[in-house]
Structure formats: structure tokens, C-alpha cells
Amino acid sequence: MPGLEDLYREIILDHYRSPRNRGELPVPPATRVEGFNPLCGDEIVLYVQVRDGVVEDLKIAGQGCSISQSSASMMSSAVKGKTLDEVQELTRAFKGMMSIHEQSLDGEGETAPIEVDPAVKLGDLEALRGVVKFPVRIKCATLSWNTLAQAIDEATGTD
Amino acid sequence: MTGHDPLDVAAIKKDFPILDREVRGGRLVYLDSANTSQKPRAVLEAMETYYERCNANVHRGTYQIAEEATNALEGARATVARFIGARSPKELVLTKNATEALNLVAKAWGRANLREGDAVVLTELEHHANIVPWHQLHDELGIELRWIPVTADGHVDLTDLDRLVDGAKVVSFAAMSNVLGTLLPVERLVGAAHDAGAIAVIDASQYVPHVGTDVQAWGADFVAFTGHKMLGPTGIGALWGTEAILDATPPFLTGGEMILNVTKEGFTVNELPWKFEAGTPPIAEAVGLGAAADYLTGLGMEAVREHEVSLTAYALRTLTDRFGDDLRIHGPSEPAERGGVLSFEYRDLHPHDLTQVFDQHGVCVRAGHHCAKPLMRVLGAAATARASLYVYNDEADVDALADAIGEAADFFAL
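In order, the protein sequence lines correspond to chains H and S.
So for the first sequence, the numbering used here puts the first residue at 218; every next one is plus one.
So for the second sequence, the numbering used here puts the first residue at 593; every next one is plus one.
Next comes chain H alone, as it looks inside the complex (with noise of 0.2 Å):
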């Protein structure tokens, strides 16, 4: 059975409590885009600058779960100053770490895990790979990726 500490790890505890690039930026230049999760009524407010193809800027506002704040808290620090690709690395990595392999409809095993780069280091992040064996809160984990994603999505005009 899965203790608190495989989900709690200090680290996560940390960015909890000294959340990370917590404020706002001036729109525009920066994007803001709002996320939210219905189950637990977490709320997210990111902030995005992007230049040259660099996340340049980024703040978070909002309110959450030690889960989401601390996720979207290393998020932070992993995605500033790195190029778009990166960032696009990152997120398929963290959401490659956060995959419960569901079982497909012929019964005949489980689906292909997203196959990740095995040189995209997460650093920090891996503090959060406890949270699987938690699956409600996966979507706490993910919230600010996912938003992260619409917001350079609309930075960058793709959407």
C-alpha cells in the first residue's frame, strides 16, 4: 500500500510552502491563461513570455493542492529560459512520468506508453512520480502543464 511520504516528498513540500515565480505579468506582452481542475476546484493563473522562441517570463497565480502548487512551482523553474522545444521535451517527459497505462478495449494488455527521450532529465520534477500510485491526483500534477500548453499555444498563435 502507498504511504503519504511516496506522495508527500520534502521536496514537494518545499515548493508548497516557498512556492516558486508566484505573481503576474503585464498582458501583453505575457499571456495569460486560466486552468482549472473540476474535480478538486483548484484554480491556475499562468503567465507567458515568449520571445524568440525562448519562455522568457513566467508567474503563477491561483490556488491549489500542495500537488498542483508545488507542481506548477517546479514547472516553473524547469520551463524559464529554455527554448520552446525544450519545454516541449519537458512536458512530454513529465506527462510520460504521470501515464497510467490504460487498458485497451480488445482486453489483449495496455496501451503503448508515451515513449520519452530518455536524455530529458526532470530533475526536481521526479519528486512527483509518487503521485501515480495516487491516481485522482494525477490531474492535480498535470494542471499546470496542461495550461502551460494553451498559454504558449496562444502565445505563439498555434491554436
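In case anyone wonders, no lab produced these hints; they're calculated from the structure.
Treat the hints loosely; a few may be bogus.
[What the hints assert, rightly or not] Only pairs whose alpha carbons sit at most 27 Å apart, straight line, appear in this in silico BS3-like list of lysine-lysine:
| # | chain 1 | residue 1 | chain 2 | residue 2 |
| --- | --- | --- | --- | --- |
| 1 | S | LYS699 | S | LYS856 |
| 2 | S | LYS965 | H | LYS356 |
| 3 | H | LYS338 | H | LYS312 |
| 4 | H | LYS276 | S | LYS699 |
Use these hints to put chain S onto chain H, whose structure you have.
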């Protein structure tokens, strides 16, 4: 003194098979009955017996078991109608749940009777099921929504009631808040609605399971409730309406069962209540709901209410004594003014994290916005943890909750 026996909770617990199971290596402490209640053996057996002995489609077959199935369905309808004080089983429409019942009111009665600019009055503490269907009518027909405010202590603020209902066509409100447990002044609101020429619609989902209900005494036009919160199965609920208003309401879902005749040119609708029951109904679920009503009647609804008032008082006292200002409990502080629904926040710990720790101790409590986001905004909370009490809960369950809050505080070092 009160002319009935108090609840024997130890005996009641034995009627609920699920309370025997272990979770997380300990006993199951179920404190989420406002979400869905557990089911006594009597309900499970009634459904099983129905399937094993007389499963057949209703209102069609000429053979014996079809007749028995029809009698089982209509007998359950009569039992539930009696349970809420209806005049006749004709007034009780079986639905999937309270949400479908409220959608029936908005989409069938509302579409036929409301026009652009007509006002519908709601309270700020409504469940989304009593908000979203009206939002849809706002988008579709241009009706206006007005809101009765909620005070900081969780009561509806009636200061401006006369102005709010003036000229309105509908006043629709919960009899008991699913977040705060607040008991609303039902007769007062129904009276104000009728004085203004509006119909009164009551979402009694949280009320019917916990307080003896007399729809005739309420005098409303529609009352919606659901089976699974009153010890019955999922997939069955009901809409009570006066015969007059049900007659004046066009059918909602249409198809088989709800018609008297169908030709290539058109159709004529069936009599009440079948006019609103298109397709094969949830027969076993109705039978289960009838058994649940019988079980509650056996306990006595006065005894149920007394048990919950005293257990709520114990919970408020225990939690306040132990955690003081660290624990913010929303809603009325007077147990007689509320049901056994306790929404709370512990310091700045997010409810989701709180209930995650509870789970490690087998304590089932819901965290979130409880499908009442407008109310959460009034309370200034994004989410709360909500413990809710029922007939099978006792002081030991409340103590387990208090211990679990203590464990969470320790774990997060608050």
C-alpha cells in the same frame, strides 16, 4: 418524552454490510453520506429478490411475473410517495436522480412557460444541478436569474426577498444546503413565491434523507430528490409535483411508455405519472428505493433527525474544543438550524491534502467545491473538506475524524 425510541446505532451499523470491511488496515469510517449514502442489507436484498423472482418489463406483459414486476414498481412508487407525504402516487415521477428531476422542471415546464425577460430566483447556496439548467434557459430564452444572498454564517439573507421575488415566475431553492447543512425557511420562501405569482421548486436532495418530509405542508409546486442519498441505490430519483402543474407540463423525454397512442401524424401522452417516464424505467432501483423508504420509516424520521442533531452538536463541540480557531467550520453554529453536514478548513492546508491523510486512516470525507461554486465564492474558499453524518455514524466516527485532522496537522507540521 418524545414518544419514540432513539436510534440504536450499534444495531444499525450491522445492517450495512460495507461497514464490516477494512480499508487501509482499519475499520471504514464513512463520513460522506451527503455525497452518497451506504445501503442497508434490506435494500440490497429487495433488489436481488426482484431480479431473482419477478424480473420482467412493466406495464406490458400479460403473464404472472410481469404483473408482479409492475406491482413491485408501482408499490415502490406508492411507498416513496407516502414517505414524503404526497397526496397520490400519481404525483410522483420517477427519474434517474434529482438532477434529471430539476432538468425536467427547467426544460419541460420552463421552456413551455417562460419567455424572454422572465425572472427565476435562486439562492447563492444552490447545487449546480439547480443552477446550470436555468443558465441554459437564460442562454436559450433570455430569462433573468436573480440570487438570494447568503450571509457569512451560512443562512439565506431574506432582507430583500420581496424585491427579489417581485414579478418572478420561479423561485427554486434547496431545502438543505449540501455544503453548509443550513436548513432553509421553506414555508417562508414558498409563501413569498406564491404571493408573487411564481411557482416554488424545492431541491430536497439533502433534506428528504434526513428530516421527515411533508410536501403537502410545504405547499410547493415541485420537489426534487434522489434515492442514493437516502440509503437507496444509484440511478433512481423522483420529482414530486402537484397534479395541476404536472398536467400543465409537457413531457420531457419521449418515446415508449409515456404515450397513450402514436400514429404517423402524432402522439397523445399517457396519464400521470407515466407521461414523464419514457422507456423502460429503473425497476430494480425503484424497488430498492421503496425498501430504503421502508427502512427509514422503521427507524422513524423523528429519531433520525434527533440522532443527527445530537451527533452534529457533538461534532461541533469536539472539533472546536480540540482545534479552536485552527479549524474553520462553515455554516450555522446552532445544530438545530442545520443538518449533519460539516464543511471545514484547517488553517491554510488545502482540503485535498487534508482528506488524503484522512484516507490513510480509513476516514472517507469529500474535498472540493461540492458542486456549489457560487457558494464557495461567497465563503471565500476555493474548496472545503466536508464530513457528513447519517444514521450509521456515531461519536466514535466523529472522534476518528478529529484524530485524522490531528494526524494531518502533524504530517504537514502545521
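Here is what the structure says about each hint:
The suggested pairing of LYS699 (chain S) with LYS856 (chain S) holds, with an alpha-carbon distance near 26 Å, which does not exceed 27 Å. Only pairs whose Cα atoms come within 27 Å are accepted, and LYS965 (chain S) paired with LYS356 (chain H) is accepted, the gap being roughly 19 Å. A C-alpha spacing of about 13 Å is found between LYS338 (chain H) and LYS312 (chain H), which places the hinted pair at or below 27 Å, so the restraint holds. Distance restraint check for LYS276 (chain H) and LYS699 (chain S): the Cα-Cα separation of roughly 43 Å exceeds the 27 Å cut-off, and the hinted pair is therefore not satisfied.
Hint 4 from the earlier list is the only one contradicted by this structure; the remaining hints agree with it.
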